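Numbering-wise, the sequence shown is residues 9 to 980 according to the numbering used here.
Don't read these hints as lab results, they were simulated from the structure.
Given the structure is predicted, the values throughout are model-derived calculations rather than measurements.
Be aware that a few hints might be false.
No farther apart than 27 Å at their CA atoms in a straight line, the calculated lysine-lysine pairs in the DSS-like style are these [claimed, not checked]:
| no. | residue 1 | residue 2 |
| --- | --- | --- |
| 1 | K758 | K546 |
| 2 | K329 | K660 |
| 3 | K840 | K142 |
| 4 | K926 | K700 |
| 5 | K675 | K660 |
| 6 | K428 | K410 |
| 7 | K867 | K145 |
| 8 | K653 | K668 |
| 9 | K334 | K289 |
| 10 | K971 | K790 |
| 11 | K741 | K660 |
| 12 | K511 | K145 |
| 13 | K730 | K329 |
| 14 | K867 | K840 |
| 15 | K386 | K596 |
| 16 | K719 | K284 |
| 17 | K524 | K840 |
| 18 | K629 | K547 |
| 19 | K289 | K727 |
Distance ranges between label pairs, derived from CB positions [stated by the list, open to error]:
| no. | residue 1 | residue 2 | range |
| --- | --- | --- | --- |
| 20 | E965 | R881 | 34 to 40 Å |
| 21 | N976 | C783 | 25 to 31 Å |
| 22 | K284 | S497 | 36 to 42 Å |
| 23 | K665 | D305 | 38 to 44 Å |
| 24 | S599 | P904 | 39 to 45 Å |
| 25 | I288 | S773 | 46 to 52 Å |
| 26 | D972 | K665 | 45 to 51 Å |
| 27 | S497 | E249 | 53 to 59 Å |
| 28 | N968 | I25 | 55 to 61 Å |
C-beta atoms are modelled at their ideal positions from N, C-alpha and C, and glycine is treated no differently.
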Amino acid sequence: MTVNELTAYEVLEHRRIEDLGTDSYILKHKKTGARVVLLPNEDDNKVFYIGFRTPPTDSTGVAHIIEHTVLCGSKDFPVKDPFIELAKGSLNTFLNAMTYPDKTVYPVASCNDADFQNLMHVYLDAVFYPNIYKTDKIFKQEGWHYEMENKDDDLKVNGVVYNEMKGAYSSPDDILDKGIMNSLYPDNTYNIESGGDPDFIPTLTYDQYLDFHRRYYHPSNSYIYLYGNMDMVEKLSYIDEQYLSHFDYLEIDSSIKPQKPFEATSVVHKDYSILKTDDIKDNTYLTMNWSVGNSLDRKLYIAFDVLDYCLVSAPGAVLKKALIDKGIGKDVYSEYENGVLQPFFSVIAKNANGDQAELFKNTIMECLENTVKEGLDKKALEAAINVDEFKYREADFGRFPKGLLYGLQVLDSWLYDDMKPFIHIEAGDTYKELRKEIEGNYFEELIQKYLIDNTHSSMFIMDPVKGLNEEKEASKVAELQKYKESLSSEEIDRIVRETIELKEYQEAPDSEEDLKKIPMLTRKDLRRSVEPFIYEEKKAGDNVLLFHDIFTNGIDYLNFVFRMEEVPYELFKYSGILKSVLGLVDTKNYSYGDLYNEINMKTGGITASVGSYTDRRDLTKFATTFEIAVKVLPSNIDHAFDLVKEIIKTSKIDDYKRMKEILDEKKSHMEVDLQTAGHRAAALHATSGFSKAGSVSENLSGITGYRLVQKYAEAYDEKAHKELVEKLTELMKVLFRKENLLVSFTTDKKNYDGIEEKVVMFADSLYTEDCQKGCLEFIPEKKKEAFMTPGQVQYTALAGNFRKNGLEYTGALRVLQVMMGYDFLWNNIRVKGGAYGVMGGAAPNGDSYFVTYRDPHLKRSLDVFHQVADFVRNYEADERTLTGFVIGAIGEMDTPKTPSAKGSYGLMAYMCHANLDKMQMHRDQMLDVTVEDIRKLADYVEAFESDDCICVVGTGEKINQHKDLFDNIEEL
9 MTVNELTAYE VLEHRRIEDL GTDSYILKHK KTGARVVLLP NEDDNKVFYI
59 GFRTPPTDST GVAHIIEHTV LCGSKDFPVK DPFIELAKGS LNTFLNAMTY
109 PDKTVYPVAS CNDADFQNLM HVYLDAVFYP NIYKTDKIFK QEGWHYEMEN
159 KDDDLKVNGV VYNEMKGAYS SPDDILDKGI MNSLYPDNTY NIESGGDPDF
209 IPTLTYDQYL DFHRRYYHPS NSYIYLYGNM DMVEKLSYID EQYLSHFDYL
259 EIDSSIKPQK PFEATSVVHK DYSILKTDDI KDNTYLTMNW SVGNSLDRKL
309 YIAFDVLDYC LVSAPGAVLK KALIDKGIGK DVYSEYENGV LQPFFSVIAK
359 NANGDQAELF KNTIMECLEN TVKEGLDKKA LEAAINVDEF KYREADFGRF
409 PKGLLYGLQV LDSWLYDDMK PFIHIEAGDT YKELRKEIEG NYFEELIQKY
459 LIDNTHSSMF IMDPVKGLNE EKEASKVAEL QKYKESLSSE EIDRIVRETI
509 ELKEYQEAPD SEEDLKKIPM LTRKDLRRSV EPFIYEEKKA GDNVLLFHDI
559 FTNGIDYLNF VFRMEEVPYE LFKYSGILKS VLGLVDTKNY SYGDLYNEIN
609 MKTGGITASV GSYTDRRDLT KFATTFEIAV KVLPSNIDHA FDLVKEIIKT
659 SKIDDYKRMK EILDEKKSHM EVDLQTAGHR AAALHATSGF SKAGSVSENL
709 SGITGYRLVQ KYAEAYDEKA HKELVEKLTE LMKVLFRKEN LLVSFTTDKK
759 NYDGIEEKVV MFADSLYTED CQKGCLEFIP EKKKEAFMTP GQVQYTALAG
809 NFRKNGLEYT GALRVLQVMM GYDFLWNNIR VKGGAYGVMG GAAPNGDSYF
859 VTYRDPHLKR SLDVFHQVAD FVRNYEADER TLTGFVIGAI GEMDTPKTPS
909 AKGSYGLMAY MCHANLDKMQ MHRDQMLDVT VEDIRKLADY VEAFESDDCI
959 CVVGTGEKIN QHKDLFDNIE EL
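Make a model of the complete structure from these sequences and hints.
Written out as structure tokens, the structure is:
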């Protein structure tokens with residue numbers, strides 16, 4: 009049988025999409041009207057999702073809470089958390105759910121046929137038959153609830169989504185993104201916070217929440233997507249027979265109502281919190297925003313991405329330069345959001361001042377008018393289109409399945425027109441059209457129409473207020489206390505009783521019978537052999553050329569790897585700044601703007617990074633490298649060598665103005681990372697207290713690295729400039745030398761010819777003059793530190809090393825890592841504690857950590873970490889439970905690799921002196937792990953926790969409340 013012969017569905021369109029090498033179908037389920045899209049092809053990494061259009065009408069976060077809670081048990085799978093049972097016992101390559109401003113999507117992916125079917129079954133059952141109607145405890149746990157364990161306790165609000173959104177509202181950049189959209193669309197669903205505003209989440213009632221599910225979670229409002237190598241007839245029949253056919257058609261108005269255009273630019277102000285000791289000066293966000301057509305215009309959809317590059321995103325872009333030159337903001341950037349019905353374009357000046365608002369607006373408008381008059385730089389247009397199309401053709405999304413990214417992009421149009429799901433993923437002809445427009449005035453006319461003459465625009469200004477979050481938190485505490493005082497003793501007893509009942513519900517184990525309803529693979533279904541690495545060690549003159557013979561779809565991946573063993577620490581710590589400077593300053597033959605365009609015209613991008621490779625023969629040793637990676641078409645490989653040579657040999661780092669701009673921008677970006685990924689910052693900083701290898705990342709992108717950038721950015725005078733230029737110049741002379749070079753080359757064998765000669769010529773062009781060689785050595789110092797932010801949540805890390813007690817790494821630790829993330833720590837930190845997340849890891853060199861994410865607690869979480877060893881020592885589990893953790897651990901390791909990732913895997917194996925036999929031993933230890941093996945890991949947990957390296961990034965209130973835990977407390 010074919011798809012066309014299925015009687016339950018009507019085929020609305022069937023054709024080939026050559027750009028993606030796939031057939032395509034648009035279907036409609038006859039009985040319910042469910043919309044279905046199919047992309048059948050040879051990709052084994054299969055993807056399914058079901059999505060719903062879910063426009064909220066208030067900011068209680070109801071759509072977000074529904075997304076969390078439907079995955080907490082259903083008709084066929086009545087356990088408390090089937091999502092976690094799947095996550096720890098599945099070979100999924102993607103498993104998650106996402107709430108957007110106007111839709112909610114439930115995607116899964118797997119290369120294993122049985123696993124894929126299981127994932128589909130659980131997700132379909134979850135959305136259509138969730139257990140949320142059977143108990144309100146699911147709503148309380150994931151959404152919000154009042155909490156008092158006894159009647160004398162302070163009344164608190166807790167809940168996973170509530171704390172997640174407190175974390176989101178702690179990030180100025182998250183608040184900014186929400187505010188911009190609200191300022192342009194005050195009268196439709198885009199004015200609503202679909203994730204939930206913590207101030208409004210506690211106003212959502214259980215009945216309102218259930219009504220939202222009844223209204224929108226129906227097949228008639230659904231979008232079903234299937235991608236990859238599977239029997240589409242079988243899948244469609246299953247979806248119809250088991251789910252869709254059980255419903256009748258329901259008229260549901262979930263359409264997104266367009267915002268009526270403004271007659272004049274609106275001006276909206278919003279306050280955001282900074283620390284009480286922060287300066288108001290240079291802390292305002294100024295933004296100018298425009299509504300740009302609608303997302304069903306396939307040409308405009310990409311064209312504005314091109315304009316984004318030319319006007320702001322590219323270094324030296326006209327608008328960015330105009331604002332920076334006038335001292336308006338220290339970090340100027342843009343955002344083009346085209347995943348909503350009414351896309352919008354924003355120009356943002358961060359670290360500006362409120363009194364510059366008028367100058368900001370006038371500078372933008374003058375610059376745009378001049379650009380239309382004089383015309384855009386044709387090279388910039390060509391570069392922008394080239395880099396966009398290169399990414400489109402390459403379709404390398406790292407760990408994410410490309411079918412998933414195609415599916416999510418499909419919704420950018422399908423959500424608003426049932427017959428236009430493919431207009432944005434079928435983009436080859438659009439790029440051809442846009443290339444033809446370079447010579448005309450098309451792009452200038454877009455600027456005139458959508459930016460200069462467009463009154464549907466806004467100025468959204470975020471003003472800093474010292475200690476605002478502390479004030480709000482104190483007000484919330486007082487409000488809760490006042491509410492408690494208004495309650496009768498019976499009402500207080502009810503809250504205490506319900507708090508206890510919720511804890512009992514959370515702690516009650518699922519029945520064996522219910523757990524067995526969750527479909528699960530067996531250990532026999534798992535691949536036994538370790539994935540081999542692909543590399544051939546060749547020579548190019550005196551240098552190693554590591555060749556990875558891999559089919560790459562016609563793209564060469566070049567990686568220039570410079571060893572850093574002879575770089576003194578005093579110079580090494582500047583590597584993070586060097587990484588941000590290379591390619592972004594003038595060189596001998598290019599201005600920095602022209603250089604950026606040249607890179608994007610001739611390559612798919614040039615990126616610098618610092619690598620760290622633990623020696624698997626001696627785990628106390630590791631190699632640190634500075635790497636410059638290029639992706640390029642074989643016909644342009646000479647340009648790749650020339651451009652890298654130009655950058656590392658002729659970069660003009662003595663340009664005071666440009667260096668100041670780069671430092672200001674880097675400081676701004678690092679601040680965002682520290683605020684939004686506080687868990688990473690905390691774990692890195694804690695690990696650097698005992699680990700030399702951990703010190704590498706900490707010095708580059710952690711709090712220590714931030715402090716160095718901050719030092720220069722905040723006091724960049726001629727003296728500081730001279731010092732920085734001297735350090736970077738000396739670092740480049742020590743680093744970019746022939747004796748340090750290894751080249752890693754990933755491509756098809758047919759593209760290998762001639763590469764050795766190019767590497768020899770490149771190596772001979774590197775620095776040869778005398779320099780200050782030394783030895784890269786780190787001296788860790790134990791840390792128990794806390795860093796205060798103006799946020800509302802904590803990120804708490806505990807780290808150490810287990811090898812000091814003579815304990816050797818075992819593959820069972822990977823199983824324990826999954827167990828912690830989805831069992832003991834998950835239950836105690838997230839389910840009972842209300843944190844959004846918790847994670848941990850143990851590396852072969854012994855470096856280990858636990859860390860929480862968007863956590864309302866601090867000491868409580870550390871106490872839970874210290875209970876892990878006892879839990880592990882007394883661990884009890886049946887074969888099925890343990891097998892689930894094994895599957896989860898193997899699944900995390902066996903994510904399909906893109907061609908570039910296969911090359912990187914080979915480079916890692918070479919640099920680490922990886923031994924396949926030892927890797928196989930560790931894999932066997934995972935596959936054959938027993939309960940007794942897990943119990944032995946209690947010694948490992950105790951060993952690493954005894955180092956007691958602690959780092960917390962969080963609120964001043966919580967940190968000061970537990971100040972006795974820390975040797976040092978400072979503001980971040």
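Exercise. Does the structure break any of the earlier hints, and which numbers would those be?
Worked result: Failing hints: none at all.
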